[in-house]
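Go ahead and model the full structure; you've got the sequences and the hints to work with.
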Amino acid sequence: MKALAMTLTDLANPSRFLRVADAAMPWLAGATALVFAYALMRAMLAPDDYQQGATVKIMFLHVPSAWLGMLCWGLMTVAALGTLVWRHPLADVTAKAAAPIGAAFTLLCLITGSLWGRPEWGTYWVWDARLTSELLLFLLYLGVIAVWRTVEDASRAARAVAILTLVGAIDLPIIKFSVDWWNTLHQGASVFRLGGSTIDRTILIPLFAMTVAFTLLFVTLLLAAMRNEILRRRVRTLHLMKASAAS
Amino acid sequence: MMPQPEHIDFIAAAYAAGAVVIAALIAWVTLDYRAQRRTLAKLEMQGISRRSASGRAETLTRAAKEDA
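Which chain is which? The protein sequence lines are D and R, in order. Heads up, the first sequence is in this note's numbering, so the first residue is 1 and it goes up one at a time. Heads up, the second sequence is in this note's numbering, so the first residue is 1001 and it goes up one at a time.
Among these hints, one or two may not hold up.
Here are some of the chain D residues that sit facing chain R, going by a computed Cβ distance under 8 Å [claimed, not checked]:
1) D48
2) T112
3) W116
Now the stretches of chain D that chain R is said to cover, found in silico as 3 or more residues with beta-carbon under 8 Å [as the list claims (entries may be wrong)]:
4) 54-68
5) 99-107
Which stretches of chain D does chain R cover? Using the computed rule of at least three CB atoms under 8 Å from a CB of chain R, they are [stated by the list, open to error]:
6) 220-226
7) 230-243
Derived by calculation from the structure, the hints in this document are not laboratory data. Backbone N, C-alpha and C fix where the C-beta goes; we use that ideal spot for every residue, glycine too.
Right under this line is the structure:
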């Protein structure tokens, strides 16, 4: 715990963070590409489901993107606490960098879910609890991005986003437990559940491999986006210095 | 000819959507990085550098003068 606290304190220095990110990025990108190649191969070779047929292959994209959409908001919630409570210098950088990535994965979850729903349920969309709460998460992401883009003062934007993120975090348990709390067309939990997974190993292994690949991709993209955000803040500082020198 | 799996169009569309979203994210971070580096380099070429960097330079210059 003390080591983690020390690491977080060390990384609070943006220059140090940039050095760590620059060193880690090629390794992370390489690992992501390798795991993706393996996971895609396993996904393509996975047998058809006895009920859903070949459309079960959509699950290998749908589940990891749903997981990342929620993980990303969870990370933004921790960052929001970092902004409001600890005032960690990288907290709002993390929150700002993560939002478009989380939005993209949530959108992918909605698209793949819709494409999976049509052959299985006979409809692309239904206003049931799981789908609606996932759509709400996507709209929350868009709201966060809009606040970052419209509020001029970065520290005011960070505080507004932090509050919106904490309020929006209520949606995470709603998404997770919506299939238990309400009657929905969406299937119940089948991977992580009491009594073990209901999915056969031949489908579960590619699913885990794709989830690891997507998570590695997410970490790589997040580090890259955080690095860009730090550079953008430096550019802004230099523009301000240039303006004040000129006046 | 091998028989096509049922609903292959939906599966292909889902994987195409995945490829587009991931490619867009990679393009976004790569192009943004290049743009920020380019702007930073341009500003530094105009002689504008961060206070910490110029402060460090001033300290080094002062130390060099003191040594001399």
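Hint check results:
For D48(D), the interface hint holds, since its Cβ comes within 8 Å of a Cβ in chain R; the closest pair sits about 7 Å apart. The interface hint given for T112(D) is met, as the beta carbon of that residue sits about 5 Å from the closest beta carbon of chain R, less than 8 Å. Evaluation of the W116(D) hint against chain R yields a held restraint, the C-beta minimum of about 7 Å falling below 8 Å. Closer than 8 Å: that is the beta-carbon criterion, and the segment 54-68 of chain D has 7 residues meeting it against chain R, so the requirement of 3 holds.
Check on the segment 99-107 of chain D: 5 of its residues sit with their Cβ under 8 Å from a Cβ of chain R, so the three-residue criterion for coverage holds. Here the segment 220-226 of chain D counts 3 residues with a CB under 8 Å from a CB of chain R, which clears the bar of 3, and the coverage holds. Only residues whose C-beta sits within less than 8 Å of a C-beta in chain R count toward coverage, and the segment 230-243 of chain D has 9 of them, enough to reach three; the restraint holds.
Violation of the numbered hints given earlier is absent; every hint is satisfied by the structure.
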